[in-house]
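Single-letter residue listing:
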Amino acid sequence: MAEALIPDPASWQVLPPQLRRMRRTLLLGVTVPAVMLTLLITVTVDGWPWPLLTGVPIAVAGWAWFAIERVWRAWRYAEREDDLLISRGILIQRLVVVPYGRMQLVDVSAGPLARRFGIAKVQLHTAAATSDAVIPGLRPAEAARLRDALTERGEARSAGL
Amino acid sequence: MTTSWEATEPTVADPPKPPEPPDPPQRSESPDPPESSESGDDGYRRLHPLTPFLRGWVIVAAFAATIGRTFAEEVTARAIGLTMLFLVPAAGIYGYCVWRFTRYRLDGDGLRLDTGLLVRRTRYVRLDRLQAVDLVQPLLARLVGLAVVRLDLAGHERRDRADSDGGSATSDLRYLSLGHAQRLRGQLLTGSARPAAASPTAPDPFGPSDGSDPPDRSDRSDGSATLAEVPPTRLAAAIALSPAPWVAVFGVAAIAVPSLLTGTRTGVLGAIPILGWLWHRTVRVFAVGYPYTVSTSADGLRLDSGLIERAHATVPPGRVQALRITAPLLWRPFGWVTLRMNVAGSGPTVLLPVARHDEAMALVGALLPGVDVAAVALTRGPRRALLLAPAHWWVLACGADDRIFVARHGLLRRHTDIITHGKVQSIRLIANPLARLLRLADVHFDTIDGPVRVRSGHRDRQAATALVYAQAELSRLGRRPDHPDH
Chain A
0 MAEALIPDPA SWQVLPPQLR RMRRTLLLGV TVPAVMLTLL ITVTVDGWPW PLLTGVPIAV
60 AGWAWFAIER VWRAWRYAER EDDLLISRGI LIQRLVVVPY GRMQLVDVSA GPLARRFGIA
120 KVQLHTAAAT SDAVIPGLRP AEAARLRDAL TERGEARSAG L
Chain B
0 MTTSWEATEP TVADPPKPPE PPDPPQRSES PDPPESSESG DDGYRRLHPL TPFLRGWVIV
60 AAFAATIGRT FAEEVTARAI GLTMLFLVPA AGIYGYCVWR FTRYRLDGDG LRLDTGLLVR
120 RTRYVRLDRL QAVDLVQPLL ARLVGLAVVR LDLAGHERRD RADSDGGSAT SDLRYLSLGH
180 AQRLRGQLLT GSARPAAASP TAPDPFGPSD GSDPPDRSDR SDGSATLAEV PPTRLAAAIA
240 LSPAPWVAVF GVAAIAVPSL LTGTRTGVLG AIPILGWLWH RTVRVFAVGY PYTVSTSADG
300 LRLDSGLIER AHATVPPGRV QALRITAPLL WRPFGWVTLR MNVAGSGPTV LLPVARHDEA
360 MALVGALLPG VDVAAVALTR GPRRALLLAP AHWWVLACGA DDRIFVARHG LLRRHTDIIT
420 HGKVQSIRLI ANPLARLLRL ADVHFDTIDG PVRVRSGHRD RQAATALVYA QAELSRLGRR
480 PDHPDH
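Residue numbers (numbering that gives the first Met the number 0), protein chains in the order written: chain A, 0 to 160; chain B, 0 to 485.
FYI, nobody ran anything at the bench for these hints, they're computed from the structure. Incorrect hints may appear among the rest.
[To be verified] Some, not all, of what chain A presents toward chain B, calculated at C-beta under 8 Å: (1) 91; (2) 106; (3) 125; (4) 126.
For glycine and all other residues, C-beta sits at the position ideal for the given N, C-alpha and C.
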């Protein structure tokens, strides 16, 4: 019965590649010192299992590299007429529906690193503390547009408590 | 601004008086000069003159408790006397200053509250933002006929709640004489219920009360009807059938008996905290829950409770976000349930501590007119969810009609959660790795914080996705202004 209500796959918006690039840069920033540290241990300590230690951060980073890709692909949002849909997660999959009339405020924030990569985070707050509707990275122009659109629709459809 | 009202305040230097019968009903903006000693020419009013004594006493007690704990051995009677000689006037002056610099005024659409001796603070409470107005009577205040008017505001006021007895220091009016408090509450509620006609001169919904009535009856003149009461025997039996006293008794026995047998006293001392907990879970529950009356009033459901500390709360039906009917295992033979609710603002969360099932259903019907919870068909999840919930799979069920969503869960404590579609804040589908292996998912319905958390339980993944979209559609319809649940 509800198939007709499920949004058209084409209306789902994906996140900009800058988010993926920022996360991968952060990953490299952690991996390089870790590899150097394990290399130092390998050089100073003799014995055969120690060279394998270097492989650990490299393997973790390699896995994370592709995990970032998959998480980035899975995170998407769709603006419907009366609510915003956010779908995300690989391991724990989530689908969040936030009606515009229920939004109390929309936060757009960008830290120094995010600004450098040209992305901003959009977070939606309702009166319920448990609703976690967040879009981790959008281009600033799109984030501002989304914020204004959400606020405008929220005012138009405001329903009180 | 400070100088102007100080100049026009005629009764500043009046010494505190013993409690007097409340003044005749008067509007805060009435043109004729008020006879009350608590009202100035500019419509500002003060708290009751006994307030400094009740507040200053708290300081003395707190200081005495600290001294007593830290220097129990060294302090002599003379030192205590000297400290008190200094402390009692200091507390008195503090209390006087707090009273002297606290005043309030009802404006057209809000309540203005000025506080603060060194840092002046003006708080303006809009009447249409008011979630509830409660009257609270702590024991000491009750003895002298005073009451606290507690203003509950939505949302961000909660972080202010750091006062000694759980109230917000800045949105409480403490203390007013009981008659005054009831009148003010009536004025605030008429203002908040009908913002268009909001005016302090609006007729008092409770009618003129002459202040000599007993506190529980004086504002029942608006034809209210009692919906439910908790008989003391049932409450006592319900407490006896709850696990807490048995846990405490066995805990005390487990700790105290071995040490008594061996002749040491440490174990007996160790049992004292458990006894305190036992007191908290039995006698206190009884004192809070009896007498307990739920009645209708013009503004919503009225809850009157408490043996020693009377608490009066009004729950406007539209503010109730979700309901939970809980039937603990040992209560089920008697058909008793507890009714809890999520309510906007910081009102009480227990609607009925213990009631017969049909009473609870009647109350649900009063809060959600036209809703029949029993008629909603509940369906279980697919059988493969047994792997995730082997013991209570058969309890987990949910269903919806065009007004409400109902979910049932809990093996020993059977919960039935009810939420109207229009009150859903957001809908979340969550599929954990294990649930994904079994093609299952869980749907959460987010509401205002409270004891009720509504979730569907393990459902088929496809059905859960369909449920999310169907509920989003229902909740969109439920938010419409012409919808009965709006």
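Taking the hints in turn, this is what the structure says about them:
1. The interface hint given for residue 91 of chain A is met, as the beta carbon of that residue sits about 6 Å from the closest beta carbon of chain B, less than 8 Å.
2. For residue 106 of chain A, the interface hint is violated, since its Cβ never comes within 8 Å of a Cβ in chain B; the closest pair sits about 14 Å apart.
3. Of the supplied interface hints, the one on residue 125 of chain A holds, with its beta-carbon coming within about 4 Å of a beta-carbon of chain B, less than 8 Å.
4. The interface hint given for residue 126 of chain A holds, since its Cβ lies 5 Å from the closest Cβ of chain B, which is under the 8 Å cut-off.
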